[in-house]
Structure formats: C-alpha cells, structure tokens
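Full structure from sequences and hints, please.
Read in UniProt numbering, the sequence shown has 159 at position 159, and its numbers run on one by one without any break.
Because the hints were derived from the structure by calculation, they are not lab data. Everything numeric in this text was worked out from a predicted model, so none of it was measured. Note that the Cβ used here is the ideal one computed from N, Cα and C, for glycine as well. Fair warning: there could be bad hints in the mix.
Derived lysine-lysine pairs resembling DSS-like cross-links, with alpha carbons at most 27 Å apart [claimed, not checked]:
id, residue 1, residue 2
1, 204, 125
2, 663, 622
3, 514, 465
4, 529, 126
5, 125, 671
6, 545, 622
7, 710, 663
8, 529, 514
9, 54, 663
10, 80, 48
11, 629, 581
12, 285, 256
13, 341, 465
14, 87, 54
Per label pair, the in silico range of CB-to-CB distance [claimed, not checked]:
id, residue 1, residue 2, range
15, 513, 486, 48 to 56 Å
16, 44, 699, 52 to 60 Å
17, 271, 23, 51 to 59 Å
18, 579, 42, 29 to 37 Å
19, 16, 680, 33 to 41 Å
20, 580, 385, 44 to 52 Å
21, 625, 487, 33 to 41 Å
22, 597, 548, 15 to 23 Å
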Amino acid sequence: MPLESRERRRDGLVESHFSASVPMPTYLVAFIVCDFEYKETKTKSGRKIRVWSKPDAINSVDFALDVAKRALEFYEDFFKVPYPLPKLDLIAIPDMGGAMENWGLVTFRESAVLFDPDTGSVGDKKLVTMIVNHELAHQWFGNLVTMKWWNDLWLNEGFAVYMEYLATDNCNNQWKREDQFILDTSREALDVDSSIYTHPVSVKVHNQAEINEIVDKITYHKSSAVIRMMQNFLGMETFRKGIQIYLNDHQFSNAKALDLWKAMSLATGSRIDVATVMAPWVRQKGFPVISIISVNTQKKDGHLLYTASQKRFFRDFTSQHLKDGHKETPGWYIPLTYITKDSLGAVKTVWMNNTSVTFQLSSSNSGWFKANVGQTGFYRVNYDDENWKRLSQQLLHNHTVLSPSDRSGLIDDALSLAKAGVLEYKTALQMIEYLNHELEYVPWAVTLRSLAYTGNMLNPRAAFKLYQQFIVEKIKHLGMILRWENTGELIDKSLRDLTLSTLCSHGDTECVNKSKKLFNDWLMVNGSKPIVPHLRKTVYYTAVKYGGQIEWEILWTKYKECKNAAEREKIIFALGATRVKNLLKRLLKKALGSGSEVRCQDLIQIIGTVASNPDGRLLAWKFFHKNFKKIVKRFGKESRTISFLLEKTTENLRTRKDLREVKDFFEAHRKMHLIQLSSKKILETIETNIHWMHTKIQQVERWLMDQQNK
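Dropping the structure here:
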C-alpha cells in the first residue's frame, strides 16, 4: 500500500506509516527494503505504476513500464472490475528465479522485466511482455479472487496464462500470439499430459511438498488450454461475461472450480451446463485422441458418413508401464470442430459425449477434412490413411488454404502419433514435405520443436547428417528471403531469428561462416562495436559450437563481466554449445564451485543447456548425480528446481545402462519425497527413448534416405 507519512524519531530512526491493506491471502504479502531507483506513470483511471531496479539498470525499465500500463488498462476494461489498489510497483530482483504476483508489489528476475533496447532482442522483448502481462493478470485471478485450496491453483495460473496472450495481442497484435498459444502452451501441455503418470489439473494436495509438485505445466499450460477451449465453444462475449460474474461474486474472497462453472453457465442464460462439460477436463488425467474413419465411400443424400471415437492418448502405446498399471479413463465431453475442402469458411461442431459418434460430411469423394479447427480443442486427431494423404497433398498444392494454426496442428499431431506408435512415420513425415513453401513463423517453430526429439535420438548416428541436410534444404529459402537485416514486423523478426539459428545449428556452411565472421569482426574492434541484438544469440552460439577454446574463453570472460541478465542468458546458451567436453566439464564445475562466479539463477540454465548438448547429455547427468547433495543444499530438498533438473538431465538418455544408473539413483534417494514423485515419469521417459531406438528409428532413417534419393 502507499506511504502515508514519515517521521523522524528521537532515537534517530525514521518511522513510516502506510495505508491499511485490503483483505488478502498471506502468501501475497511482501515488503522490500532497498536503495533502488524507479520510473513511474499513471493509467487512465489514475493508478500509479512504478518499475524499480538497481541504479545502473534504471534505463532498462521503460519498456516494462509501458507494458504494465497497457495491461492494467486492458484488464480493467476486459473484466469491468477496477484494479483495487491505488498503486502498483514492479521490481527487478537480482538472483530471483522467476516472478511473483505479490499484490501491489510484483517481483521479477531481472531478465523478466528489464529490456535494454541497445542490447535486447525481439525474444527478450517478448519475454518481458508475456511475464509482465501474466503477473498483472494475477492481480485479479489469484489476488482479488483466490482459490479456496491448492487443488484449484489452476484457477489462478490457468487464467493468468490465458489472459497474458489476450493482453499481449492487445499490446501488439504483430506477434500473432493466438497462433503462438499452440506453440508455447498447448503443445507443451499435450506433451507432458501424454505421460501415464501425469496428474489431473485439479489434484488433492496435503502438504508443502505436494503443493510444490503441482507447480508445473499441467497446472499452468493444460489449464489455460482447457480455458481457451471453453472460451471457444462459449464465444468470447459469453466467456467475458462469465469472468465478470465470477470476479464480482467472489472479490476479496475465495472460490472453487464449481463457482467458475456456475458463473459461466449463468453467462449462457443457463443454456449450457458448463460443469458437466468441463469437469472431466480438470478432474481426469490426460486427454483424448480422436480417431476419425470413413464408414463407407458411398454417398447418402450427398453426404459421407464418418465415425469419430475417443480414447486417452499416451506418448507410447506399447509401454510396459501402460500394460502394468493403466485403468481405462472415462470419456470427455468434446467440442469436435471441423472444416472440409468444399466448405473452408464454415466451421461445424459435433459434440462427443460418448466413446464414439457418427456424423455426416458434405464433401466430394476426393475432398479432405480437417478437425480441431484452429487447434482450439485440447485433443489430438488421427485420420484414416486416405485423409492423411489428401491433407498432405493439399499442403503441397496450396498450404495457405489452411490457417497457420491448422498447419501447425496437423504437423504436431502427425509426429506425436508416429512417436506414440499409432501412425507410420512415413505417413507423418509426408506432412512436412511442403515446408520449403512455408513462410509463417508458428508452423516452422512447431515443426522444429516436434522434430527435435527425432534429431536428438538420431544423433550421433550416420543418419543424423541426412536429418540436418533435410532441415537445411527445407528452411534455406527463408534465409534467402529474410536475410540478416533486422527488418519487418515483430513476427518476421522472430521468423528470421528462428531461421538463422536453425541453419547455423544444423551446419549450413553459409550461415556458419557468416556468424563466425561477425564474431571475429567483433573481436577485431575489441568488442567496442557490439553484434546487433537480433543476431547476437546465434552468433555467440555458432562461434562456440564450431570454434574451440579461444571463442569459449572470450565469452566466459564476457559472462563474468556482464551485468545484463538477458545478455548473460545468451552467453550461457553459447557456452553450453561447445563440442569440447573438457570445456563443458569446466563450465559445470564453475557453476557449482565455492565462491562461484555463477549466479544461483544461472546455475539451472547451465545444467539444462549442457544436458541439451549431444556432447554433454551424459556429462550433465553424471554431474547432477555426483553433486546431488550440493545442489540440494543450494536449492532446498523440497524445491521444484531439484525435480526439474533431474528431468532435464535424464530426458535424452536412451540405453539400458543409463536406465540402470537412474534406477540406482532413485533407490539411493528413495526417502526423498520430491524425487520419488518424479521417478516414475522419468523412468517412463527413458524407457520410451529405448523403445523408440529399437522400433522406430529405422522407419525414420529409411525415409531420410528416400528423401536424399529423390
């Protein structure tokens, strides 16, 4: 709350008096004593906003200040509920791990709120925008209305994630954040939720350790994806009205999921029993895959009949874990949307409330159809071979007939189904043959993330070079179109960053040589003329990956001298890319050394970056294993960071020897609650990798050889 008065006491101390706080949960109370500086502004409604930082970073707060002002004004208008405090402070905290929505005093790690226009990239700007919008959404969802108990934490986090996208589009629609929701949120949630050992969005919690464990992508990402699905079938205005009812009825108080469902049902005029539709999505584990097959090829009154059936999706349908302990999940109420080749503008919806449903399509015998329009539903879709073939042919003939979201969804579904053993890789990979005509950011970003698993598993086999050549051949046209200049809209800049980083990381000679030249030119002037921000991450990374100890040492020195958090993150990303194993060992050792030159918040990124490097995956695991006690001492035995690092250092292991080592580790630490909660998921991941190497890698290698011979 604001300062009301200050007086000097006889003993020389200064006594400050603040306005009385509004009713709030204890976890949102915060105060800070510091000698930081600030800049301020006011919203249209007169709310004072200030952003604080260390004095030497004060010129990097302007962007966050502008974002915060726009966000607060947007939320006040969207919710029709005023921000209830007279002021809002945001503060950049050195060595903080993330951000926290304390009411009226929001704390951030420096890279999440500071943006230097002279050194920051479009990615840095996007990060600040999204996190500020997320934390300010919490001022309503979480602060004004708080979940009654931690099992409904998703009411806070799901809405904060979803609203951050709406606020970002309002702030700058050039980013096309609605499309990027699929990339950054939906597909991340689908991947995590495909584990046998996932948990429901709403899960019972009894102690601190269990609360820590649910601070994950299910609580954040899946819940927001389910909220987005609800918004889509209700319509934006009805959804918005439901939010307003919910916030007004429960402000300065607590709420449960049932309260949200009631508010949404009221907004529909009681036409829809929202609780009946939505409860399974938050109470049940996992999500469905919908298989749609033709009943026959004969027309009936000008229509074709199809049957859609649902069952729970798993990342590996042949897993022994699935055979040992899986119980069949009840069905979901599913808004199955679809378009056809002959009616692109007419989105139809079929409601599935049983295991299967039969419906008619008005389409020619040669026409395709595409389900889950805009990827607004939280489910995957599988088609019969004929429809997959027709869709791939459409992409080759004219991919723009389908939206970027729909193209992204087809690719991600196909590759995920192939990984799970539901679809032949030959069929799935046909969906990406059109990519040398793709000019949009989201389909490319989704493709590269979906293919990353395949690339990791192929490396270092001989076919990995074929994989790299295929990626370069498909994306090369973008490099020629976008080139190296920082021009275009924000989404074009994101696509350029993605294109150049992909070309360089996959060994394109022209890209590698250009990056190395830019790095050497920077060295020639002793760093006095910095590499332009939008190229810096790629140039650093490429110079180290394809260089040696000299390049690594130069950037290590720069890291130690660097005060800009976002810049340090770019340097760490590069340092962890070296192919010299002794340098990777040295980086890990320095990260945890006594009197460490590495900030605590950077240690997590260092271990994760080394683990993502094919030359470092085993080094990172062995380092984590050997130094486990030190890491626990650094972060605390109940910290979610411990299980995150354990998952990160084991996710690319793929041999029986690796599996035995990890099992031995779990046995040695079986009394540690947080570790045991993660153990089954981690073992499932390693066993899935082993099974993929034995059963699917040859399918991919044959397909890559066929592509080379075309």
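In ascending order, which of the hints set out earlier in this document are inconsistent with the structure?
The structure conflicts with hints 1, 5, 7, 9, 13, 15, 17, 18, 19 and 21, although it agrees with all the remaining ones.
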